[in-house]
Amino acid sequence: MLHIEFITDLGARVIVDVDSADKLLDVQRQYGRLGWTSGEIPSGGYQFPHDNEPDFDWSLIGARRWTSPDGEELVIHRGHAYRRRELEAVDSRKMKLPAAVKYSRGAKSTDPEQVREKSDGEFEYVTLAIFRGGKRQERYAQPGQGRPATGPAPRPAPARAPQAAAPPAGPAPAQRTAVLEAPPEDETPF
Amino acid sequence: MLHIEFITDLGARVIVDVDSADKLLDVQRQYGRLGWTSGEIPSGGYQFPHDNEPDFDWSLIGARRWTSPDGEELVIHRGHAYRRRELEAVDSRKMKLPAAVKYSRGAKSTDPEQVREKSDGEFEYVTLAIFRGGKRQERYAQPGQGRPATGPAPRPAPARAPQAAAPPAGPAPAQRTAVLEAPPEDETPF
Amino acid sequence: MLHIEFITDLGARVIVDVDSADKLLDVQRQYGRLGWTSGEIPSGGYQFPHDNEPDFDWSLIGARRWTSPDGEELVIHRGHAYRRRELEAVDSRKMKLPAAVKYSRGAKSTDPEQVREKSDGEFEYVTLAIFRGGKRQERYAQPGQGRPATGPAPRPAPARAPQAAAPPAGPAPAQRTAVLEAPPEDETPF
Amino acid sequence: MLHIEFITDLGARVIVDVDSADKLLDVQRQYGRLGWTSGEIPSGGYQFPHDNEPDFDWSLIGARRWTSPDGEELVIHRGHAYRRRELEAVDSRKMKLPAAVKYSRGAKSTDPEQVREKSDGEFEYVTLAIFRGGKRQERYAQPGQGRPATGPAPRPAPARAPQAAAPPAGPAPAQRTAVLEAPPEDETPF
Amino acid sequence: MLHIEFITDLGARVIVDVDSADKLLDVQRQYGRLGWTSGEIPSGGYQFPHDNEPDFDWSLIGARRWTSPDGEELVIHRGHAYRRRELEAVDSRKMKLPAAVKYSRGAKSTDPEQVREKSDGEFEYVTLAIFRGGKRQERYAQPGQGRPATGPAPRPAPARAPQAAAPPAGPAPAQRTAVLEAPPEDETPF
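Protein chains in written order, with the UniProt record's numbering: chain G, 1 to 190; chain A, 1 to 190; chain Y, 1 to 190; chain B, 1 to 190; chain C, 1 to 190.
One thing to keep in mind: the hints can contain errors.
Said to hold, decoys possible - Estimated spans, in silico, between C-beta atoms of each pair: (1) C/P98 x Y/E122: 43 to 49 Å; (2) G/E40 x B/V90: 44 to 50 Å; (3) A/T67 x Y/D70: 42 to 48 Å; (4) G/E73 x A/K94: 18 to 24 Å; (5) Y/E122 x C/D19: 52 to 58 Å.
Unchecked claim - Per the computed footprint, the stretches of chain B lying under chain Y, defined by three or more beta-carbons under 8 Å from a beta-carbon of chain Y, are: (6) 1 to 11; (7) 35 to 41; (8) 107 to 117.
Since the hints were derived computationally from the structure, they do not count as laboratory data.
A virtual CB, placed ideally from N, CA and C, is assigned to each residue, including glycine.
Let's have the full structure, built from the sequences with the hints guiding it.
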């Protein structure tokens, strides 16, 4: 028997019993669709293979895709909106890096020190996930979908808009409100 | 089977077994009425839909409404008193934000760094919850009440004064004393 | 079924199963008499009603009363000695506060930042508990005692000297040694 | 039923079920002999009665005695070597302190702030345990030994050299390597 | 019954039940091969006997060997790549230290303060493990292999390249992508 610790969409600490290790990802998907998360974002962000990005099942980490009214593709995780960015491959004498896709947001005053990464100047940001290199893992894909084209080619549009999906049984995600959250420069005055 | 971790009104760490996921909110309400809380206040405060504010069931997060002798509406959570504030909608070129209701308090010297938000000047505050945008969730409402009017219209008075409610079976909330807690500028000398 | 997490008198992390919620305080008393504690001291100290102070059952939070050889009344909690202080009621234009009894000690170099409260000048202190306002809760009283006189009147002497009580079954409290702990200004040189 | 949380000698987080409270110390001894520890060192170090020092059962806190090739008596705990020091009684107008035995080590750059204690000048140290005052507790003694002489008199040699004892069944302590750990001034260059 | 707490390769917090203490290392190996880890890296890094280094079973701590395209031997742990370094024995008047093998990496901006060790100048690094002194423990060796030559003699090549091993049943390690992670000086611009 296994037991997985979640933070629910309401911020409660809940442990769910799981019959066997091979059911674990199913349970993470089931509760992740409600916005429940387990553990912290790893320092520097989750690392996934580049070719998992197009149809990545964000429910695995309690997140979901959302397209803003301005048509921007965002990922919502624990009430924060992360922007998608494509990083080009680097091939200099000093370093070699394959192309990557990164989901990050500007840091807020309430973010703990160790999740903030420094960029040029004073700007600080927080990374949710980076998709770079590696070999595609089918277990990370949205279930019930054909394998999308991979590689550095243009990213296929997501097969469905997650926010239009039927609401899951049980409590609906609280962070639905989060999509209206202001970007960091919009800090609401007290 | 699920298990939910609480901090009791006495500050003890207690885990309660829950038969199934659909009983979870009931258990949170039951123990929340005693002032038990689960997990931390999310950074920046709990986020709920705007239209849940009038009849929000504060027991879900271990809090309760309280009207001070001066007639001010407060919410008590873990011995702290939070004030209700209405934030007007913002519609400038730089940002667009719908109207919101925010429950916050001045920061105290013993508050950890990451919950303090800066306002104008040196003043720091702590947010318990913000109600903004989103779609009303019936599961957040006080049970056994009709649906109140919603929208930016005048907030209906709470249907009952929680502090006048019959005490719950079992231990009574310790933070009943909290309502007499001094505001931050009244820091008791040693 | 419930489960309560303790730090034992030896500093070990132990979880104890509890049959039902109404047995919880009994279990806290039983292990609290051994010096076991559950959870952290709340920021700013435990808050209890003023009228619970005379016969408060300190075992509920793993503490115990102790009278020093100099006749000073102290409370011992996790190896630290807290002094009893009576705070007069405040009734100024700026604030109104009822009389209170506070148990606090000077801060030590190894106390984490967030428990230290600043007083006049450089002096920092740590509060264990404050008894102020509120309504007496019988469940906080020492079992098997008549109700003592309450209010701002002179505090009745404790009905028994806890340190003279028969040792509990099982392991005796380690912090018995704590009563000899030096006050903060006596920091032992290395 | 109780459950005790350990950090194993390999640094893993493991919970062990214990049938009843009176078996708890036995379980702590059993796993402590393997170098498993439960909970953190209390701020300022473990506090034990002075007269428990000669035959203290260090396995209770996952530590063990070790005599260095230079003949120095050390205690090894989680890979760190602590030196034994005798502190004389203090009897000045400012403070009164009975004699004590303290086990401490120099602080390292990776020690968290709250365990470091300041001494004269810039030197910082970390205390594992202090034996001072109090009344001897038989339950802290090594099992199967006669009661040693106590008091400020010369400390009897330990009845057995723990490092010469037969290895416990099951995994042997990893920190056996720790005895070769360099003192703080010997920080290995990168 | 025992229970071991893991962080999975996906960062989730999962507890696995273990029948008895002698099965514990098997369970750590089984899940460690998937990149699951239990507990934190001890401050200063894991300490193992010197003679365990050649055939150390890195799955015990959720890590694995990897040879970079440049032929450098690395160890991958939670998405970070650690370099192998041989430290010569030190035999000066000030200190005596046997030869050691150390696995470390440069510190990143998101590493918490307490894992960073200072080297010459401003450079900071993080140690995963150090193999020094002590007596070889067979339980730390890769199962199913003959005992390799030990001592300061040339290190035998690993008997198999772990990354070429058949993938374990169940989820494949996420950190497979980690091997492409940039060294610290290659911090990806935002």
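Do the hints match the structure? See the list:
| no. | hint | verdict |
| --- | --- | --- |
| 1 | C/P98 x Y/E122: 43 to 49 Å | holds, 47 Å |
| 2 | G/E40 x B/V90: 44 to 50 Å | holds, 46 Å |
| 3 | A/T67 x Y/D70: 42 to 48 Å | holds, 47 Å |
| 4 | G/E73 x A/K94: 18 to 24 Å | holds, 22 Å |
| 5 | Y/E122 x C/D19: 52 to 58 Å | holds, 56 Å |
| 6 | 1 to 11 | holds (count 5) |
| 7 | 35 to 41 | holds (count 4) |
| 8 | 107 to 117 | holds (count 4) |
Checked against the numbered hints above, the structure breaks none of them.
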